[in-house]
Amino acid sequence: MIRRKLVLAAALLTAGGAIAHEAKSQHGGRVMDAGKYHVELVAKGESVDVFVSDGDQKPIPAAGFKGTAILLVDGKPARIPLQAADGNRLSGKAAVALGDSPKGAVQLTTPDGATASAKFN
Amino acid sequence: MSSRFAAALGAMLLAAGLLAAPARAHEGHDHGAPPPPVSNTITPRGEAVSEAFELTAIPREGRLTLYLDRFRTNEPVRGAVVEVETPEGQKTATETADATYVLPAAWMAKPGTHDLLVTVTAGDMVDVLTVSVNVPDPKASPSTDQPAAAATASSVMPTVSAVLTELRNRFIAKDPILMATAAGAFLLGMLVTVAVRGRRSVPAVALIAIAITLTLGTAAFAHGDEDHGKPAPAQPPVQGAALTAPSEPAADLAQRLPDGSVFVPKPTQRLLVLRTSMTETATFHRAVELPGRVIPDPNASGVVQSSVGGRLSPPPAGLFPRLGTVVKRGDVLAYVTPPVQAIDVSDMRQRQGELDQQIDIVERRVERFRKLSTTGAVAQTQLDDALSELKGLQDRRKALDANRQQPEALTAPVDGVIAQASAVAGQMAASGAMIFQIVDPACLWIEALSFDALTTAENATARLSDGRTLSLTYQGAGLADRNQAIPVQFAVTGDTSGLRVGQFVTVLAGTDAEQIGLALPRSAVVRSGNGQAIVYEHVTAERFVARQVRVEPLDGTRVLVAEGVGAGKRIVTEGAELLDQVR
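Chains as they are written, first to last, in the UniProt record's numbering: chain L, 1 to 121; chain U, 1 to 583.
Any given hint could turn out to be false.
Stretch by stretch, here's where chain U covers chain L in the computed footprint (C-beta under 8 Å, at least three residues) [unchecked claim]:
hint	region
1	39-53
2	96-105
3	111-119
With a cut-off of at most 25 Å between alpha-carbon atoms, the simulated BS3-like pairs for lysine-lysine come out as follows [to be verified]:
hint	chain 1	residue 1	chain 2	residue 2
4	L	K36	U	K569
5	U	K569	L	K119
6	U	K91	L	K103
7	L	K36	L	K76
8	L	K76	L	K93
9	U	K569	L	K66
No lab work stands behind these hints, which were simulated from the structure alone.
No residue lacks a Cβ here, since even glycine has one placed at the ideal position from N, Cα and C.
Construct the entire structure; sequences and hints are all you get.
Written out as structure tokens, the structure is:
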């Protein structure tokens, strides 16, 4: 009885650590924090996709979200407006081809007008 | 009994586990509210750093002021293009005269967290920075501004604790109602027990019950003579922060924070010209200090002396070269006309007369010989001899004239600038006296006196009294003693403007002894109140932390930090003294 309780307590304590998620990429991009959201940036060719999820990696519907990505291509900043697409995806198109994992930052405007941004290095 | 104790322990552990879980939910990063401002008197602000830049954003009165500095040196960046993503699209901030970037931003007044996306283009450097500014709600009172995480740990907790607190307060205040209720409940309980158990011990139980009820009852009403109408005196003294009304804009003041760090807002940093440098571990040579003075390069300087004593007269241009006049090698600077003494004059007249007389005789002889030589009475050789004799006499006569009239020209021996001039028209110059000194200002040497025989000093520098330093090249050292010291000569490399011959300098000559550590400018190390050497580390954009260090002498401008700070830290190198004055 007592031992079981102790074991349960220990399990809960370790569970506290286990909840601590690691920002894992689900779409092959890089995941960063943006305020209370997690943002995954996938840049391929000229298209930029941004996936929004909450702190527990649960996808958040992108409807109502707006965004801007500023990515550095050959030392020049490229400003890419992002529009909500299907699911938790926002997408945009750059004027020039983006290299592999370009540096930059993504700013999200939530439906209630608040902003959150994530920096990608 | 032990099982109960263990159960209680288990319950406690359970509760601890439950409470700990939300706090540890995120590893390495948290999604909670940003850290509260360092002090209530400081306006909300946000900062961001990258490898090249440090950006501080301060919203105030409908405008967003951005301070852009170099990350390593804390030097303001001028002429950069700063673009900010706003709800109205991308806006470019305008640069002001004091190197800040200002943007009208009425949307920043809204309370809450504003995440800004700032694109910085400075020269060929481009960076995208994210700045988070948390604008507090001016209506919310500062006391309720507690971290929300603890309160949301359990929704039941506040109610339970509220009830407990209420109960405790009442108990402390000896609330008559509470006491009366307790006494009544006790009496009721006792009576019920008696009724259940039987009637054998009724009198004793009744006696005890009445006694206890009476005690509690008197306790309920016999409260002390404490305050009845006075308000509770439990208010803490009013702090400075509380005096500022939340509506008026708070003034940003440099201040020492409770944790010992120094908060210096960016405008004050600009005012104090705070500069930092990144510490790097390297090997250094110990340096010795020698007294020295500036001398002209012996191969690029010269003096103009008169070989004969005589009267000075200006060159053909009509003016003596002044101090600072640039002269070329071979330029005539002055003429010296040797004076002719009275005895010399008579001597010369005598010689002149003699020569004139001889010339007259020889001329006549030449004429006679010329006539006779045609007849053959005189040999041609005799005529030739007479002719050459005449020519010789005429040359001597001419030289005598020239000697009396021709002054000596004084010419510049080297290219350079007139460093010393003592020529006045008509002045009599003594033979061997220096009339001009010519120095090439681009070629100067330094002669230092060393008490030890210096080995070839590789990296020598000279420090001027105004703090400027010159880099030197070792030229050589003498062996002959001069005032128990050896003269060592160095050539000044690089810019020599502002130097004068004879100026005293301090020469710092590197020795072979090597030291490994972090070199910092002498001005970076300040003495704290207790006499310890400290340096200030630039930890965040507007915070500086004092670090105690142990320093060793390195050379005139730098010291070696042996312990206290590691490599890769931003240490204040300029303005540390001023930073230390912040209270």
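Hint check results:
1. 39-53: violated (count 0)
2. 96-105: holds (count 3)
3. 111-119: holds (count 7)
4. K36/L to K569/U: violated (31 Å)
5. K569/U to K119/L: Status holds; Cα separation ~23 Å.
6. K91/U to K103/L: holds (21 Å)
7. K36/L to K76/L: violated (29 Å)
8. K76/L to K93/L: holds (16 Å)
9. K569/U to K66/L: Violated - the C-alpha atoms of K66/L and K569/U are around 39 Å apart, more than 25 Å.
Hints 1, 4, 7 and 9, counting from the list given before, are not met by this structure.
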